[in-house]
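Chemist: Here is how the chains run, residue by residue.
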Amino acid sequence: MSLWLTLAVNSIALGGLLFLLSAGFSLIFGLMRIPNLMHGSFFMLGAYFGVSFLAFGINFWLAALASGAAMAVIGGLIERFLLRRLEGQILPQVLLTLGFAFIIADICLMVWTGDPWQPTTPTHLQGAVQVAGLFFPIFRLVIVGVAVVIAIALWLMVDWTRLGAMIRAGVDDAPIARVVGIKVSQLFTLIFALGAALAAFAGVIGAPYLSVYPGLDFEMLPLALIVVILGGSGSLLGALVGSFLIGFLYNFGQAMFPDLAYVILFLPMLLVLVLRPQGLFGKVVS
Amino acid sequence: MSMKRRTVLKGLAASTAVLAMPAVLRAQAAPFKIGLLTVKTGPLAQGGIQMEQGIATFLKQKNNTLSGRKIEFISADTGGNPAGAKTKAQELVERDKVNVILGPLAAFELLAITDYVRDNATPLISLAAAEDVTQRKANPFIIRPSATSAQCCHVMGDYAAKDLKFKRAITISEDFAFGYEQMSGFLRVFEDNGGKVVKKLWPPLVTPDYTPYIAQISKVDCVFNGFAGSNPVKFMRAYADLGVKAKIPLLAGWTAMDDALLKSLGDEAIGVYSAAWYSADGQTASNKRFVADMQKDYNVLPGGYSAGMYIAGQCVEAAIQKLGGKADDRKALADALHQVTLTDTPRGAIKFDKYGNVIGDVFIRKCEKKDGKLVNTVIKKYPNVSQFWTYDEKAFLAQPVYGRDAPPAKNLEQ
Amino acid sequence: MSWINSRRVAIGVALVLLATLPVWIGNPYYINVSSQILLFAVFALALNVLVGYGGLVSLGHAGLFAMAGYTGALMLDAGHGHFVAILAALVVTLATSAVFGVLALRSTGIGFLMITLALGQIVWGIAYRWAGLTNGDNGVNVTTRPAPLGISLASADYFYYATLVVFLIAVATMAVFVRSPFGAALRGTRDQARRMNALGYNVWLIRFLAFLFSGFWSGVAGLLFIYYNQFISPQVSALTTSAEALLMVISGGTATLLGPIIGSALVVIMKNVVSAYIERWNLVLGVIFVLIISFMPEGLVPGSVRLWRTGWQALWSRLSAPAARKTGEQGP
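Residue numbers (numbering that gives the first Met the number 0), protein chains in the order written: chain A, 0 to 285; chain B, 0 to 413; chain C, 0 to 331.
No wet-lab data here; the hints were simulated from the structure.
Model, not experiment: these values are computed from the prediction.
Backbone N, C-alpha and C fix where the C-beta goes; we use that ideal spot for every residue, glycine too.
Derived coverage of chain A by chain C (criterion: at least 3 residues anywhere in the stretch with Cβ under 8 Å from a Cβ of chain C; other residues may be distant):
1. 83-92
2. 95-102
3. 214-228
4. 262-274
Chain C residues, not near chain B, derived (Cβ > 10 Å throughout):
5. Leu16
6. Gly149
7. Leu152
8. Leu167
9. Leu204
10. Pro296
11. Ala313
Can you make the complete structure from the sequences, with help from the hints?
Modeler: Structure (structure tokens):
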């Protein structure tokens, strides 16, 4: 009994982290239609930045924000000077983002060596909640809280602000949006920078839980893909539901069907794609 | 890293001196080539970089000269996959014509090239642990001064049952051959001494979160883990965070608590028992030199990956010394490597059995915090441990190689 | 200078160079690297059928490549002869391609990419987990290479020639395919799927057959791979293998015959030869990809042709009429 409860709580915690990871991916993929194969690299590089900031004694949350800001600049530059010229061309986008993934992975290996890093959990968030003999780390619950806050903030931004209205207009019909005076290219740079920042922020938040090591990039990328595919691209609600769904599938799947451990995430993804190619919450796009 | 990829005869003076020598002497003085198969890119780079540091430290101490022979050192990056290991082995053998190969790191890399080194008569000194390479499929060109996967785990099984008096255990390790071989070695000795392994957990090699597995751990005296690479860091943190460590002691194989990994671990590692064939606080003269130089040149506490390659270098030196001018004969070199006995290596005295696997000490350590730093303190030494433990060699080899369900566990509970 | 003639001369020179390669390269290591380039070129050409001509980006072709490799290796391991093993491998790969095709062609674009990715990962999961069959990550050894017409392929030279023959057959088949009505129809489904439908073409069937064709040659490449390495393990079916093949196709230039071959040479040489001299070869490879995209978004081969032509035209325009200058400036 306690096993199931632990798994259920952990499913939510993992879901929160996955949402932080995939919200940015969902924005970039859904709004700009760019298959950003360096999203896992943003996550990893962000986590490494966080490790270095923390080593300087900076506060954990500040480190996460600073890492996000740094990645926003890097992501913005890549979009502005390279990706923008490839609008609508999937293959060159794949090659470019994979090329950067190679570059980032090798730079990380050079700077932070091959050794794994695992920052300690911030002191005020250490320890665990104990209920009826159940033991659950506070930090993971905090991650869920952060994920919910970010989800609400993003939703408010996209649905209720002028900026959000411009973004939606730019995505629905870029030429018309340009005609009415919206600077679509700048908007896209902004979205891309925001997506990169979210990934880096998630990397730092996740570091005490997942640790940071070479190869983390390509462990995270498929997870982001699966969440967005399952939830449907371009839908924040989809990304949120997809994240928690994957959280549950992962936890219960690994515990109940260990023989299917390798395919536990890909089988449902395949089913959804074959039966409902637009994802659970996605709109039908041509 | 400051080391150059190739350390060849340096300087004009040296090369003119060589040219001036008579032909016979020149042939004699041709450098002896050591090729290293390691991993310097991708997820396994951590151990691979340490391997290179280990052999580099040895060659630097020896001033690139072993028993009077100049050494040319060539390092090759396999990328950590079998096809890469094969291609790089070909590069070392066919292009660079090395005298001996050190490495590779991973068992699946070693298995991809064992036939190749035999067919091409090139001696290889392995770090990788794949059991059968020195057992049922022993290869006359391969020796292994590190350990088989189960060599230390047999010892841990004995220690857990006899000294710690644990009765019930759960094993957890990555779902691949190195994990199977480690866990089966532990299970066999632990159960032969009255213990029971009641559950075996096998998370995939790539597991973002170990909670679903740790949540299944309860009602046992100990957990034995065999994680490798960066996985132990993630696993041990989760094990402590979920409150299991406070209740159930954790035991580890050598890769999970390697000394080089300590700097990546936090307080969650305190109190973990591990069985290892190398311990950085070893008191031999060569180990003191080795640890001092590793700290000086790379600012790291060395672990098994570096020590394994340092010892491999010592084996090469001993073999050249024995063969003298005949060290270029690769078959003779392979035979001489099998005969090597050393009294002073960083891990202590070693020799090889007829299958080419090391017989040497294995240490039980307990992780403690001293002066704010984690250290593995040796609490017991098992001298001259063979890959067959105390079992009869013939009977051991008549059994199938250790696997996920071999030997079968008799005491599993739901 | 006639365009057709220069092309024929170039092909002739390339053939002579390829046929005499072991003679002028000499060292067996480099001959082996050449064999690898050719075998991965076959794989990249196979993938290019879908990516380049069909507009269908697959990230699951390692699954097909590995399916052929595993079937072949396991049949040989079970004591069957080379002929039976090769035949079985190709049949199994075709059957797998059919399953992949039926599932993946439920969608196009990103959906197709994701479905193939998931299928490839499932093959990888099976190769890893079903250790009773595949021997898990310990892999399967292939102890002998075949000896067609009594010629042993054990040496680097002979294996190279065998790979070259297969490679040339693959290129010839692809060339015929591209020029055939079927190839034209496939390009039609890429560019104007709805119109093709309206014209009465069965778009799904065309794509499905292209998938089988691509799967078949991926299988051939997979067989070459196991005979070359004499070993197969789950890493062969990993996502990185699929991604690598895709990178070869895109970096060389999609929908060309030469592009995937050049792409294969680029990746194999970086990975195996350059890595011996440059420790940070992954970084260099990444930079090369970014540079290719920056200066030749269409890939190395078409990009070089364009630059060559615009350069030629710019030169020409400077020498002659201003009318020619205009075309020069209109370059993409």
